[in-house]
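Colleague: Chain residues, written in single-letter form:
2 protein chains.
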Amino acid sequence: MGQYVPPIRDMQFVMHEMFNCESVFKAMPTMQDIDADTVNQILEEGGKFCSEVLQPINAVGDSEGCTLNKADHTLKTPTGFKEAYQQYVEAGWASLACDPHYGGQGLPVTVNQAFYEMMNSANQAWTMYPGLTHGAYDALHAHGTQELKDAYLPKLTSGEWTGTMCLTEPHCGTDLGMLRSKAEPQADGSYKITGAKIFISSGEHDMAENIIHLVLARLPDAPQGTKGISLFLVPKFIPNADGSIGARNPIFCGAIEHKMGIHGNSTCQMNLDGASGWMIGEPNRGLAAMFVMMNAARLGVGMQGLGLTEVAYQNAVVYAKDRIQSRALTGPKAPEKQADPIIVHPDVRKMLLTTRAYAEGGRMLAIWTALELDKELSHPDEAVRKVSADNVALATPIVKAFLTDNAWEATSHCMQVYGGHGYIAEWGMEQYVRDSRINMIYEGTNTIQSLDLLGRKVLGDGGAKLMRFGKLVRELCEAESGNEAMKEFIEPLADLGDKVSKLTMEIGGKAMANPDEVGAAAVDYLRVVGHFYFAYFFARAAKLALEKQDSGDKFYKAKLHTARFYFQKMLPETASHIRKARAGASSLMAMEEDLF
Amino acid sequence: MGQYVPPIRDMQFVMHEMFNCESVFKAMPTMQDIDADTVNQILEEGGKFCSEVLQPINAVGDSEGCTLNKADHTLKTPTGFKEAYQQYVEAGWASLACDPHYGGQGLPVTVNQAFYEMMNSANQAWTMYPGLTHGAYDALHAHGTQELKDAYLPKLTSGEWTGTMCLTEPHCGTDLGMLRSKAEPQADGSYKITGAKIFISSGEHDMAENIIHLVLARLPDAPQGTKGISLFLVPKFIPNADGSIGARNPIFCGAIEHKMGIHGNSTCQMNLDGASGWMIGEPNRGLAAMFVMMNAARLGVGMQGLGLTEVAYQNAVVYAKDRIQSRALTGPKAPEKQADPIIVHPDVRKMLLTTRAYAEGGRMLAIWTALELDKELSHPDEAVRKVSADNVALATPIVKAFLTDNAWEATSHCMQVYGGHGYIAEWGMEQYVRDSRINMIYEGTNTIQSLDLLGRKVLGDGGAKLMRFGKLVRELCEAESGNEAMKEFIEPLADLGDKVSKLTMEIGGKAMANPDEVGAAAVDYLRVVGHFYFAYFFARAAKLALEKQDSGDKFYKAKLHTARFYFQKMLPETASHIRKARAGASSLMAMEEDLF
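First to last, the sequence lines map onto chains A and B. Reading the first sequence from the start, the letters are residues 0 to 595 in numbering that gives the first Met the number 0. Reading the second sequence from the start, the letters are residues 0 to 595 in numbering that gives the first Met the number 0.
Just chain A, same shape as in the assembly (with noise of 0.2 Å):
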């Protein structure tokens, strides 16, 4: 079974030493009093809420699952998820980065996202409870009528009522434009919607007493394609004008999916029979208005799978540190004992720190993005805001697609360092592999990803976005070019910055002849952008590191370590991807299709 320790050192290092995070929040007006001892004092309380509540069913949920009851249309839950989940409201976790307007406490995003990490690490199938709220939260909150905010946002808020997505169709996910479901108008300016949804997560539970769906749907009139889609919101039950909870509304789970992972949550089938639903922004822009949710809902899914390699690493190092096998190549290292533990052993000692590396490269990259976002949202200069949102822009697909890919190697390789234990339930650490492998499916696939990232972020303003970045990259590199000890981090990060132009360059000439191109080299290059933000931060790190590995605390030698492993170690993945993605279209697209 496994276990869990909040990382809230390294959390505290990215935040107040890498990025200052107190003088970011300082700059905002809605967050001047956010200082470092408010934020700590959350992640220490909110971690406890995770190792404490939350990690100890992580294993019942999974091999639980959901059970429906299709005669009165109920959905329960694993044991103990009901009141984790009331802990969870009462204790106003629900509502950390919320507005205070609607009884939110207005903290940062990156505080909320670090809460995120740390119950994504806990129990990712229960967090996506949660998680698919504050989607709802956000597009409501954005697109939402006054009267509709007024109604929904509080309980949204306090997480009284939870919230999901009702996107896919059984024939349309990425494509969306070919959705079905109906909506038709009412004299009271409602609307009936009448459809079938697939993988709705959280669609049905018994945990909160409402649930507040935000369903895509065709106007009778709507256009055909993307343009003809609006976005509603259906209640499960019509709350009554005191707030209280009214009819139950016809948007029934019909049944629950069998899937690889993330059993605890109920992923289901959802069948709208004429539901009632109110228009969330204008007629036939929903998909505008959701992907308000949709890139919030990229950032969380990014958070799980940094939550999930980070709990794999831990739960990986006290195996390899506690399980003797054989002797070290090089002499036994521990002669009084009949093996020497397997953390000696080369291999082993790579899969750990890899996982290791991920999970700190992760945590930067995703405290940076969540900074950022931040700002974008609470900044009150406008051209900071802008410059802010183009780099969550930029960031976005990676946070999303790099971390998860990460994970699902990362949580392998953990796997693979407990041998045979690693493949048996009971050690838990199998679950966190099939749980992390949807992560590269939801929310846009990870090729979805890295066509956002290349076709519309970089090439798609002329390299813009992906140059202001490389700024910040070139002005490390300049203000270290003396620094003889930050040379091994330095000079691979330059040589990269100098490839990833280049290669930025090539596949954007290629591709005005052939848009394929951009398909065919996507994926490789999301990898190497992914890895160029990594070994920005790493190098950032390695310089805090290394100006205070004698102080005392072990934190900054392990730091330096890791940043050196990650040098050496894991960045040359970037050689192939850059081959891969350099050798272009044509042998992809020359094999008839009845060939395959």
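Quick caveat, the hints were computed from the structure, so don't treat them as lab data. Certain hints may be false.
Same chains, same label: a pair holds when it works inside one copy or across any pair of copies.
[What the hints assert, rightly or not] Straight-line alpha carbon distances no greater than 20 Å define the calculated DMTMM-like cross-link-like pairs of lysine to aspartate or glutamate that follow:
#, residue 1, residue 2
1, K553, D9
2, K336, D321
3, K470, E281
4, K320, D174
5, K547, E591
6, K498, E572
7, K148, E477
8, K320, D593
9, K332, D593
Just so it is clear, the structure is predicted and the values come from calculations on it, not from any experiment.
Given the coordinates of chain A, work out where chain B should sit on it, guided by the hints.
Modeller: Only chain B this time, still in chain A's reference frame:
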């Protein structure tokens, strides 16, 4: 639910067109009359058994799993498993490659391996029941007394009885030197064996009337470590003199493991409580006898990886041609439909072609190795046997580790092709992913394989075995040096050959000063050498395909496309691994244990 069509055409290409196996068989006294027609007939009939009998019970095996009745120690396998096994025995499939002296058909290992690829595609969990039997058969055949052989080999040959390998104990897997099970000599020459074994595949079941366990245990006076381990035959039921089933031997399944995959196979904790056993081989030389099983088993695990790669490919292709979603980046390809089939998208093709190339490359390597094994076992010329033994020794860890790592990557790619549906059990793809994961762990983890390759097989003889393979590569490169059409294959192959030589010498040099350099480089090294084999075989396949591409048989066009894809988009993986292998041990070993 999955589907499966045996890849007979590609098997025939590899066996007949590439390796001319008929002429290999003709050189061996025991296989004179095994011509291409015989081989083809077995592939056809065997393939039918796999697709019609084994494939339909693959999903039910996963969902039902095995059930242990602790009261009477019986174990129920999933619905249909027992009946399928009866058909298998009655049709004589068990005895294909067994010694005619004990009722076997004396067919080449090569043919049997091809059959195993198909069985594993259809149902890996089921195939492990007969698969383990082969291992027990091999060890008994090689090291058993004539009396034991006469008593047990006919029933193992026919498949009426199955076999197991009982090695692992809770505290020891890789490091068998620590094992504790005890064997007490008895006056009648038998032994009473007591101990606890775990992870025993096919350890108990209801598919055959008897189970023959091969058990590692220590004699009372045995030296510590690996030199004090003996091998014993421990039948579930002790046969009477007439071969009928006699007394139940106290070797019982205490529990079945709950695993990530291969649910249809009973992975058992086995308790021996003074069970009667008979020694196989010499006292304290049990590991040597066991390694006969182990080497065969490692090739067998490679076939598991290959089988899953092939079946995942087939299903993903069907899905990718059927599923319509979005338009091609270059404009509509199926304008009559609402969207294009997803096979138009470059990255979908990349995932499919990667899997296809892993399957085709794996098949060439596996069949080549099997032919070398046939020569090692049956060739009349001792010099030929010696060379083939070296070839098999070098290739075995690559077949095991490279093919199973590839299968993990490939099944995951194929799952990604399905999008969200890939994560849902009913589509069948996620089972392949889960099943494939064990293959990287058991029969020696893939890290152990890489150490075996680099430490023992390559550096252990100063690179002699590797240079012998390198000579084959050089001969091909020289023969094709004037062939312009082959340039795209020969140049990167020759280049990789040079790099492998240099890398090997560099690591060899560093390893003399620090043995950890072997452990630090081994996993990356294995992938480089794995690609070296694949590149050689794909170049040979491309040569044939170039010659026959205008024959009207589209098979050759597809082969050429796949080879080109492999060289352009997959071989570049070696660039990273070479860099990582060269980066050495320091960044792995420098971090003190308490800093992890």
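Colleague: Please go over all the hints and tell whether each is borne out by the structure.
Modeller: Cross-check of the supplied hints:
When the C-alpha separation of K553 and D9 is checked against a cutoff of 20 Å, the pair qualifies only within one copy, where the shortest distance is 12 Å, while the shortest distance between copies is 57 Å. When the C-alpha separation of K336 and D321 is checked against a cutoff of 20 Å, the pair qualifies only within one copy, where the shortest distance is 11 Å, while the shortest distance between copies is 59 Å. For a Cα distance limit of 20 Å, the shortest separation of K470 from E281 qualifies neither inside one copy, at 39 Å, nor across copies, at 70 Å. In this assembly of identical chains, K320 and D174 lie within 20 Å of each other by CA distance solely across copies; the values are 16 Å between and 48 Å within a copy.
In this homomeric assembly, K547 and E591 come within 20 Å of each other (Cα to Cα) only across copies, at 18 Å, whereas the closest approach inside a single copy is 59 Å. Proximity of K498 to E572 under the C-alpha cut-off of 20 Å is found in both arrangements, the shortest distances being 13 Å within a copy and 17 Å between copies. Neither within a single protomer nor between protomers do K148 and E477 lie at most 20 Å apart by alpha-carbon distance, with minima of 49 Å and 75 Å respectively. Taking the closest pair of Cα atoms, K320 and D593 come within 20 Å of each other only across two copies (9 Å); inside a single copy the shortest separation is 53 Å, beyond that limit.
Taking CA atoms no more than 20 Å apart as the test, K332 paired with D593 passes between copies only; the shortest distance there is 14 Å, against 58 Å inside one copy.
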